[in-house]
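This is what each chain is made of:
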Amino acid sequence: GNSVTQMEGPVTLSEEAFLTINCTYTATGYPSLFWYVQYPGEGLQLLLKATKADDKGSNKGFEATYRKETTSFHLEKGSVQVSDSAVYFCALTGNTGGFKTIFGAGTRLFVKA
Amino acid sequence: DTEVTQTPKHLVMGMTNKKSLKCEQHMGHRAMYWYKQKAKKPPELMFVYSYEKLSINESVPSRFSPECPNSSLLNLHLHALQPEDSALYLCASSQDGGGPLGNTIYFGEGSWLTVV
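So the protein lines, in turn, are chains E and L. Start counting the first sequence at 1; every next residue gets the next number (this note's numbering). Start counting the second sequence at 1; every next residue gets the next number (this note's numbering).
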């Protein structure tokens with residue numbers, strides 16, 4: 001079955017540091033890939049997505065590239081801020097319809113001033 | 001700002017109480033979801049409604065009863081819950097069941113439920 005594996009956290013960085021959160025997936029066919037972010041005390045928000053190989057999703061300085069050859073969708077940001085402290089979930093959905101989203105375990109990010 | 005609104009934001013209920021969580025979306029989406037999220041875990045799917053009909057029930061205990069009065073509203077009726085049901089309950093919606101472009105779901109802020 002489909003699955004998503006994320007790097008374990010927590011990840012602690014200083015402000016303006018470079019961020020990478022690794023995400024790899026197992027899926028049949030060509031899934032769509034997502035990053036969701038959950039700030040403390042809130043629900044999940046869509047951060048970015050990519051629907052086919054080599055697509056790059058980007059938003060708020062974050063970006064991730066859909067790499068089919070390595071089945072990966074790593075999240076990167078060049079310079080993190082304290083306000084980026086949150087839990088980040090990598091996720092996928094199939095491309096043949098259906099309602100189920102497969103989430104990774106989540107990676108907690110702490111950014112220190 | 002989220003376009004999926006949930007009420008109440010916090011709820012404390014006893015094990016013999018009956019309460020309801022409510023959700024509303026105005027994005028014209030035809031699929032609506034209930035998820036349960038425990039601390040430090042990803043959301044777990046509970047129910048999906050598609051075009052106002054129950055499409056998925058992930059073997060959820062009958063003490064949770066969903067209802068979809070119309071395409072914009074989704075309720076979750078709670079009765080005789082257990083302390084282990086304490087969690088964040090997230091409502092979500094999507095345009096439909098997705099396809100070649102995947103299925104982007106939009107979450108509400110959640111309702112924090114404590115069962116005492």
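Read the hints as simulated data drawn from the structure, not as lab findings. Mixed in with the good hints there might be a few duds.
Think about it this way: if two alpha-carbon atoms lie no more than 27 Å apart in a straight line, the pair counts; the simulated DSS-like pairs of lysine-lysine are [unchecked claim]:
| id | chain 1 | residue 1 | chain 2 | residue 2 |
| --- | --- | --- | --- | --- |
| 1 | E | 77 | E | 56 |
| 2 | L | 9 | L | 22 |
| 3 | E | 56 | L | 18 |
| 4 | L | 36 | L | 53 |
| 5 | L | 22 | L | 40 |
| 6 | L | 22 | E | 100 |
| 7 | L | 19 | E | 77 |
| 8 | L | 18 | L | 38 |
| 9 | L | 53 | L | 19 |
| 10 | L | 22 | E | 112 |
| 11 | L | 40 | L | 19 |
| 12 | E | 77 | L | 41 |
| 13 | L | 9 | E | 100 |
| 14 | L | 41 | L | 19 |
| 15 | E | 112 | E | 52 |
| 16 | E | 60 | L | 41 |
| 17 | E | 52 | E | 77 |
| 18 | E | 68 | L | 36 |
| 19 | L | 9 | L | 36 |
| 20 | L | 40 | L | 9 |
| 21 | E | 100 | L | 40 |
| 22 | L | 19 | L | 36 |
| 23 | E | 68 | E | 56 |
| 24 | L | 53 | L | 22 |
| 25 | L | 41 | L | 22 |
| 26 | L | 9 | L | 38 |
| 27 | L | 36 | E | 112 |
| 28 | L | 53 | L | 9 |
| 29 | E | 77 | L | 40 |
| 30 | E | 77 | E | 112 |
| 31 | L | 40 | E | 112 |
| 32 | E | 60 | L | 22 |
| 33 | L | 53 | L | 40 |
| 34 | E | 56 | L | 38 |
| 35 | E | 100 | E | 112 |
Checking each numbered hint in turn, tell me which of them this model violates, lowest number first.
Violated hints: 3, 7, 10, 15, 18, 27, 32, 33, 34 and 35; rest satisfied.
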